[in-house]
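Colleague: Below are the chains, spelled out letter by letter.
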Amino acid sequence: MSDETTTGKTMTADEAVARLRSGMTLGIGGWGSRRKPMALVRALLRSDVTDLTIVSYGGPDVGMLAAAGRIRKLVAAFVTLDSIPLEPHYRAARERGAFELMEIDEAMFMWGLHAAANRLPFLPVRAGIGSDVMRINPGLRTVTSPYDDGETFVAVPALRLDAALVHVNRADRLGNGQFLGPDPYFDDLFCEAADTAYVSCERVVDTAELTKEAAPQSLLVKRHVVTGVVEAPNGAHFTSCAPDYGRDEAWQKAYATTPWPEFAAQYLKEGA
Amino acid sequence: MTTVTRAEYCVIACAEAWRDGGEILASPMGLIPSVGARLARLTFAPDLLLTDGEAMLVRPDGTVEGWLPYRQHLALVTGGRRHVMMGASQIDRFGNQNISCIGDWGQPKRQLLGVRGAPVNTLNNPTSYWVPRHSPRVFVEKVDLVCGVGYDRAAGARFHRIPRVVSDLGVFDFATPDHSMRLTSLHPGVSVEQVAQATGFALSVPEEVPYTREPTAAELELIREVLDPAGARCREVAV
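So the protein sequences, as listed, match chains A and B.
The opening position of the first sequence corresponds to residue 1 in my numbering, with each subsequent residue numbered one higher.
The opening position of the second sequence corresponds to residue 1 in my numbering, with each subsequent residue numbered one higher.
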């Protein structure tokens, strides 16, 4: 009962971002242009935090931070807006060689987060061998099975994060986060792989409400890995946040076709 | 029955990729492979699993029969019970595929999607390719970045297999002594010379090249009336 009366971990997006520092490694949840923590990204863009290593299944989060010159290094398997396959601001930044890139396979990325969440230095993955992922990441090492098969795998290094930013449908004040859409993506892993995690949500509800709305297996993020809870209605806009809302395609198109300084002037002001 | 269009031969050629696949997930990328996979499921490969393109496994009528979010999809890939048909911005004669970027990776001339899941796909489950516009810019001597692994780089890869490449001109495989690409069928109306001119490397061409098979009347009706009544396939392949 006392849970309902505690202040818990609630804070504003600006308060969450105020705890971040330049040079940090930040994991950003969601996938492509789906359930991205855009309210937190927008607060990050309003701050002067820069020189970041971003770890993301990339979408407009990556495009915006790249356009704003905040990325020193990116760890990703792709960057896409889904309905617009190629992310224009990311493309432009890459084509001018704006930042360092660790380009790895989607599964390697997931196992890197698993390794970090399990406090392991690496996990073996049957992906990457034979591809140019090994050439463009000369730091990647392989590991040979000690058993009879003797197969060689990529030893995907742990993708340990200083902080994770994710957005979910519901959360309580203590940091228990719930997804209501069809896919959890990897938001729990991002939080578990990070030293600190900030979870924004469409609506903060009492703990008892969480299991009234949906089954307990929708309780994706556990509070022991959450530092801050931000109530941010429409906080994934213009990416999708099913079932609360779909992607705002008109907004996304405007983002993709407007020069960044012009778009940012409006986008960052409106979100203030 | 009206004349079979090129796009419809492409649908048939893609569908054939999943023949005898058994109870595996068909993962088509692109519209024509999607129509092909569903056609296979409705006709000669009824055990195939299909997704709604998001997180649900669905029957052809849309009935949900399972849940497959990205994390489980990745486990299904490494479990091997899947045949994916990916796109290719570039593909070479040994089946190395690129969807990441054009030019030098360090500062590309054209940034594309990124490697995505091509490395994990090609080392774990059968991976075929779909190229809607066959040209020397796609079928190149050497890809700029190897995302999907080809036969010349797959030594020791136990589960590596590239069953076929389908383009708007024909069907190709790697059933040659050195696993270099071979023309296996021409879509009706296409000549061997036309394919050779549109290919940036020397293809293996058998003495007799058959044509891609005709669709049955039932298949044509499914394509035209059930799977793609709006004719979206014609936007991916003209003619």
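Some hints could be false.
What the hints assert, rightly or not - Listed below are the simulated DSS-like cross-link pairs for lysine-lysine, each with C-alpha atoms no more than 27 Å apart in a straight line:
hint	chain 1	residue 1	chain 2	residue 2
1	A	K212	A	K9
2	B	K142	B	K109
3	B	K109	A	K253
4	A	K9	A	K222
5	A	K212	A	K222
6	A	K253	B	K142
Treat the hints as calculated values from the structure; they're not laboratory data.
Colleague: Within a Cα-Cα threshold of 27 Å, do K142 of chain B and K109 of chain B meet the stated pairing?
Modeller: Cα-Cα ~16 Å, so holds.
Colleague: Take the C-alpha atoms of K212 of chain A and K222 of chain A, compute the straight-line distance between them, and say whether it is at most 27 Å.
Modeller: holds, 17 Å
Colleague: Is K212 of chain A within 27 Å of K9 of chain A, Cα to Cα?
Modeller: holds, 22 Å
Colleague: Keeping to a limit of 27 Å between CA atoms, is the pair of K253 of chain A and K142 of chain B held or broken?
Modeller: At roughly 35 Å apart (the allowed maximum being 27 Å), K142 of chain B and K253 of chain A break the hint.
Colleague: Assess, step by step, whether the Cα of K9 of chain A is no farther than 27 Å from the Cα of K222 of chain A, and give holds or violated.
Modeller: Distance ~13 Å between K9 of chain A and K222 of chain A Cα, so the pair holds.
Colleague: Hint check: K109 of chain B vs K253 of chain A, CA-CA at most 27 Å. Holds or violated?
Modeller: holds, 24 Å
Hint 6 alone, counting from the list given before, is not met by this structure.
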